[in-house]
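Student: For reference, the chains in residue letters:
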Amino acid sequence: MPRPRLFPRGVTPSRSKQVVPDASPVVSDASPKEMFQVVPGGILPVEDWEAVYRDHVVPVYRFVYARVGNRPDAEDVTSVVFERALPRLRTGATVGQLRSYLIATAKTVLADHWRDRFGVGELPDEIPNRPPQESDDAHQSDVERILEGLSANYREVLELRFLRGYSLKETALKMGTTIGNVKVMQLRALRRAAQAFPL
Amino acid sequence: MTETRLQRAIEALLSDKRPRRGRLTEDEARTLRAAAQLRAEHPANSAPTPEFVDDLARRLRQPAAATSRRYFLRGAGLAAAAAVVGVAGDRIVNTLQENDHPTTKKQDLVLWNGGKWMAVTTLTALQTTPVVRFTTGSITGFVIHRNGEVMAMSAVCTHQGCILTAAGDFSRLDCPCHNQSFSLDGNPLPGDYTLAPLPNLKSRVNGDSVEVFVV
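From first to last, the protein sequence lines stand for chains Z and E. Per my numbering: the first sequence ends with 199, consecutive numbering throughout. Per my numbering: the second sequence ends with 215, consecutive numbering throughout.
A portion of the hints provided could be inaccurate.
[Unchecked claim] Quick list of the computed label-pair ranges, beta carbon to beta carbon:
| no. | chain 1 | residue 1 | chain 2 | residue 2 | range |
| --- | --- | --- | --- | --- | --- |
| 1 | Z | 94 | E | 147 | 37 to 47 Å |
| 2 | E | 178 | Z | 119 | 20 to 30 Å |
| 3 | Z | 51 | E | 192 | 50 to 60 Å |
Derived by calculation from the structure, the hints in this document are not laboratory data. A virtual CB, placed ideally from N, CA and C, is assigned to each residue, including glycine.
Using the sequences and the hints given, assemble the complete structure.
Tutor: If you want it as structure tokens, here you go:
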């Protein structure tokens, strides 16, 4: 049987040292320089993807969190977004292009997440369709505006529970009502708020 | 009143936990989305933890992230392929790049370093059985001996993630789930679906052993 060819054309020198059969072929000794990705437009060196990741992980996480509402899911979805998007990035992209691509990827992963978890098809993105702002003032005012539009009771129950982290019991005490009532009220308030979110 | 699924989901968000899986109506889903957005306003939720940021950076350097695998596997076939591509797409024992075949272009995907070399079969075995399937911790793949060369590729169908089997005469790789096959170079044969080729796995020969770079 002919000996299998080990080094076809196209093997880069930095990789080829890994394929030389040796006595202890256990774990590759990856140096950071070797960590690169081959993409259509070229190669994104490792320093760059680290920088891309560090620059964008917080805004992407915030974008995701506002659409899943809990940390474990936000972490999972954010992980998938970067796992999926980083290999496809190319060098020379502007910050704006990178951000848009990451957000577009996040929307796809979020749609999968909602379908998988709750069996709902793609929801219209009620949250204004723009990348998260550095200051996030605009987003803040959206939420505030929605709260402003609710009745005093509804606004209070949502503020206490969601923004200030009161328990059902604490909220009931504070509002002078029963736990059952708080549950009903917060559900109705959320329903009303959902209608108010801009389409 | 009885707790509805929606209410339980809302309470889960308020405890910063995952809501359970379960069908919601579109109206309910919108309500839950409003809850999520409000929850994001809580100062504690405005940024990921440093531990998560560092941990994800570390995982991104590794092949095939395990934590979020289920999304890949439940997603499109293309995404399922991406899950193994962390260690795929290399050219080390790969004849594909040399063939002038338009469809042999593999997906432009990343190879992160990491993983380890594992012996999965031998040259001796490949002389009698030119297509050998193997499974490691996270990868199911084929080692294929053809035209004097050895190469390895994923055995996960890029359609819906079923595990392929070699045809009896070793002429192709068949999907047990749908009417779809792949050639031995990993390209989809004409069928009912338009699929991505099977990602390559890095492989090498060490003495009589054939080793693949896997996790």
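Student: Now, for every hint given, state plainly whether the structure supports it.
Tutor: Outcome of the hint check:
{"no.": "1", "hint": "Z/94 / E/147: 37 to 47 Å", "result": "45 Å, holds"}
{"no.": "2", "hint": "E/178 / Z/119: 20 to 30 Å", "result": "24 Å, holds"}
{"no.": "3", "hint": "Z/51 / E/192: 50 to 60 Å", "result": "43 Å, violated"}
The structure is inconsistent with hint 3 alone, although it conforms to all the rest.
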